[in-house]
Amino acid sequence: MDKGLFTFLALLLLSGYSAIGQNIADTVRLKEISILAEAEDKKVIPGNIYEDRAISGLATLLDAYTGIAVKSYGEGSPSTLSFRGTTASHTQLVWNGIPLNLPSLGQSDFSNIPALFSDNISMLPGSPSLIYGSGSFGGNIILENNASWDDRLNVKYIQDAGSFHTSGGYFRLAAGNSRVHSVSRLFYQQSRMDFPYVNTDKAGNPAERRENADYGRYGGQQELYFRTDNHHYFKGILWLQKSRHNIPPTTVQEFHGNKEHQDDFAMRGMLSWQYIQKGRKWDVKAGWVHDDMHYDNDESNLHTRNISDSRIVGAGLITSLASFAGLRVNWDNTYQTAVSESLGNTKSRMISSMLATLELILARGLEVELMLRGEYAGKSFSPLMPGMELKINPWEKSGLVLKGSLARNYRLPSLNDLYWQFDGYAKGNPDLLPEKGITSDLGLDWTYGGQDNIMVNAGFTGFINSIQNMIQWTPSQAGIWAPENVAQNLARGLESRLIISFTNKNIGAGIESNYSYTISTREGENDPLEGMQLIYIPKHKANGRAYLSAFGAEAGYHLQFTGIRYTVADNSRYLPSYILQDVYINKSMSFKNFRIKMELRVNNLADVSYQSVVRQPMPGRNFYISLILEYGQKQSTH
Amino acid sequence: MKSGKILRSLLFTAGLSTAFWACQKDNDPGEVIQTQDKYIYGQGVFIVNEGNFLQGNGSVFFFNEERNTLFKDIFYTMNQRPLGDVPTFMGIWGSSAYIVVNNSSKIEVVNKYNFISSGTITGMTSPRQILKVNDSKAYVSDLQNGGLHVIDLDGLKVSGFVDLGKSAEALVFADNKVFAANWSNFYVQAENNTVQVIDPMTDQLAGEITVTKEPNSMVVDKNGKLWVLCSGGFMNEEIPALYRIDPQDLEIERKIEFPLLESSPTSLKAFAGGDSLIFLNPEVYVTGIEDTVLSSSPFISAEGRFFYSLFTDPVHSWIYVSDAVDFQQEGSVLVFDRKGRKIREVSAGIVPGGFCYTE
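Respectively, the protein sequence lines represent chains C and L. Each residue of the first sequence is one higher than the last, beginning at 9 in our numbering. Each residue of the second sequence is one higher than the last, beginning at 113 in our numbering.
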């Protein structure tokens, strides 16, 4: 194969495009591409963190193992993410190429995403997120599913049980041959989450139990994959999920027995077809995302329902222009609707988006990707969004890579921002402008591996993100709340990571650590909040993990530090920092095609009292036990 | 050789982790607040700051006029715990101050001289205002219950309920009767264009006066007449109006309509002496009790500020206007003399919404 083409395809894939092509072994050398993609641009959450845990929610994982700031109302309750000092609306959740953020709110609830429904969880911070769409000033969280063609039959069952009447179950059945593959998944999670805590906000610091914090969710996902010898690859996935979470009172409220709660139903479906031929990859996809949320509060006689739908079709082409250049063009058309009483009925909009990228290998070890996205939404065009990514790798054997990116980005207002119907207190603003952002980063990455069974990866990245026309709901003189393009934000900081692992025949050990330093402030000479750190964005966040495995047993330790977080825009109040520590030990045993594994985990080992959101207590020390049963048969080798 | 280094690194990490554990104290996980170390009583004004809904950052500030000193978050300072979620009202009778904390469903009772808690009244859903009706009894209006809670002031507990069939907000005492303004129909589905009359001797509903939608505030003038300010409805359904009512026979004596349907007047107060009234719309307006037409020009202009609440003190007849800024940060209180000249500006907490004066 032409080396330039290979490199070009590899770069396109690692830039965030679906790595579906990896399954066509005679067209591209897939394995190398996949490894590059994981090790470089997309920072992947290690699969071994969550693959055997039925109870893991995505928000908890991201909080524990990345530098992303997570604002959580408690395990099982709504959680939003903040990437690189931006807000929750600036993080897009992408599932197999389909964006999942609600068009009404412009955000996703990451507590409601079961980690085990994805084969690959990665995060794509900064400018390269432009490849998946507009508006992700912070970055993207990317969930992907792919066939495991090597498996003829694989059956897996996980049962989790733990403190506070928490349990979770997960079942996966994968079967197929070299052409057709099916994966079926089922899960449930439930908990009373009635943990004890000392309420320091009440007189006498009474010992209380968390009330009305129980939750339950269950769902299923069916995946079908089909490929032909002549380079066609089909993929279809349907994901259905129901959940209910009760809404507990804060530490300064009395519980009256009112079962305030929210019910969610979600349906996500996607179909894609890819055709890979000499130097080209054609791609067509369609998706439908449906969310139906009911909120009920009998005591206050409040009952609301919000329905959101996004229907997406798209097509793309990646092609080689020369041995040193490649082109990608991509088109997506999304039809968004939101139905709720608050919007007066149904509000909708069409968004058409075009992307073109040009990949150039300028010299040995010097690569650049130029990006340009254009978007037509409603009745107007957003300004063009150009971007570039640079990678310099002058000494191939050194493992040292210098990377940088720069992009201009725009985020469309949500449908609530635009069309909230006047209810006496608030109203939307159809004249809102898109938020405008400039994202940039520069980083150095060093990887050492292949000798002495030791792998080392270290890197640090500095970033600067600027947002103008930031949308904020503010009251008018008449006391009516409405969104306006009033605020400016400047986020800058540093991220670093270190991974060291050692593997031998029967033993392994490693440490991993992440640290992020984030200054994210309001800007503008006329802004009385100029220089104030945005609320719920810690300046310091760090986590580390160490593990030791030998002869099928593993013990691990995890530490997470979250710095102070301001809770009020003028920074007059803050939540104190906290350190959480978890430990686990597990043992796996295999008998021919069977595997059995048991794990014991202790979370919050030091029983630290902490809050992620003000007046919302979090659980102290808690215990989990997991049982994993797996049966697998591999395809017979040709 | 390198394997040994890795293992040493792991041991170091484990040791470091143990050190972290040893240093970690099970201390207060709650919000850290900048407070002063004392509270000194004197003649002055208490500022009740509502804070943000569900954030539990409501507070009480005190401006001591004698010392010309502001004391911030005095409930937290003196009791080492937050006041609660959305305090809306404060009343002082004798040495006790009663702070109604709406979304914490409680009333905190403190000694006004040291602000140390002497008890908490619970058992309500969404309390809004409190009115003492005799030495041992008070009424509390509730946004989510169709009536008034009866409070035993000696036992600091709810002792009964006056069923009104409607939610009430403002409470005033006139002609030995209690008048309750039925401001909201959001939670309790009933007409919200009435003022109900309660006999405090029997705790029974004794009458009802129909006014314009959303009567939000009431005062009694020097002649003992009841004045009721109605905003006309949050969807601007009716023209806002100011009513004068005879509390004896419950007759409406005067109705003054505002010029604009879109107006939303609030915070009706009476100057000391009771010969003039003052309210927000959304700037500060003043009207005499004999006027039949409302002034078309503001007495105090907002000049870009967000005037949220209004108060006049009984000693100087000074005017206190709170500026809630954008509701996301600490606000301020502007103080004007009776002629509308600015005297001072003092800091306030988040969403300053209520006042209470002490001599």
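It should be emphasised that the hints constitute simulated quantities derived from the structure, not laboratory data. Beta carbons: idealized from backbone N, C-alpha and C, even for Gly. Treat the hints loosely; a few may be bogus.
[Said to hold, decoys possible] So the derived label-pair ranges between C-beta atoms look like this:
| no. | chain 1 | residue 1 | chain 2 | residue 2 | range |
| --- | --- | --- | --- | --- | --- |
| 1 | L | Ala-318 | C | Ala-486 | 30 to 40 Å |
| 2 | L | Gln-301 | C | Arg-252 | 22 to 32 Å |
| 3 | C | Thr-354 | L | Val-427 | 29 to 39 Å |
| 4 | C | Pro-438 | L | Glu-178 | 30 to 40 Å |
| 5 | C | Pro-438 | L | Ser-271 | 31 to 41 Å |
| 6 | C | Ala-486 | L | Asn-191 | 49 to 59 Å |
| 7 | C | His-302 | L | Asn-191 | 49 to 59 Å |
| 8 | C | Asn-534 | L | Ile-455 | 23 to 33 Å |
| 9 | L | Glu-349 | C | Ser-175 | 49 to 59 Å |
| 10 | L | Met-347 | C | Pro-438 | 36 to 46 Å |
| 11 | L | Glu-349 | C | His-302 | 25 to 35 Å |
| 12 | L | Ile-455 | C | Asp-300 | 53 to 63 Å |
| 13 | L | Ala-384 | C | His-302 | 31 to 41 Å |
| 14 | C | Asp-306 | L | Ser-271 | 20 to 30 Å |
How the hints compare with the structure:
1. Take Ala-318(L) and Ala-486(C): their Cβ atoms lie about 36 Å apart, and the range 30 to 40 Å holds.
2. The supplied range of 22 to 32 Å is met by Gln-301(L) and Arg-252(C), whose beta-carbon atoms lie about 27 Å from each other.
3. As the Cβ distance of Thr-354(C) to Val-427(L) is approximately 58 Å, the hint placing it in 29 to 39 Å is violated.
4. As the Cβ distance of Pro-438(C) to Glu-178(L) is approximately 53 Å, the hint placing it in 30 to 40 Å is violated.
5. The supplied range of 31 to 41 Å is broken by Pro-438(C) and Ser-271(L), whose beta-carbon atoms lie about 52 Å from each other.
6. The given range of 49 to 59 Å is broken by Ala-486(C) and Asn-191(L), whose C-beta atoms sit roughly 37 Å from each other.
7. At roughly 39 Å, the beta carbons of His-302(C) and Asn-191(L) sit outside the given window of 49 to 59 Å.
8. Range check, Asn-534(C) to Ile-455(L): Cβ separation about 27 Å, and the 23 to 33 Å hint holds.
9. Glu-349(L) and Ser-175(C) have their C-beta atoms about 52 Å apart, which keeps the hinted 49 to 59 Å range intact.
10. Between Met-347(L) and Pro-438(C) the C-beta distance comes to about 19 Å, which lies outside the given range of 36 to 46 Å.
11. Checked against the hint of 25 to 35 Å, the C-beta distance between Glu-349(L) and His-302(C) comes to roughly 29 Å, which is consistent with it.
12. Judged by the Cβ atoms, the range 53 to 63 Å given for Ile-455(L) and Asp-300(C) holds: they are separated by roughly 56 Å.
13. Hint check: Ala-384(L) to His-302(C), Cβ distance near 52 Å, so the stated range 31 to 41 Å is violated.
14. Between Asp-306(C) and Ser-271(L) the Cβ separation comes to about 26 Å, which falls inside the hinted range of 20 to 30 Å.
In summary, the numbered hints that this structure violates are 3, 4, 5, 6, 7, 10 and 13.
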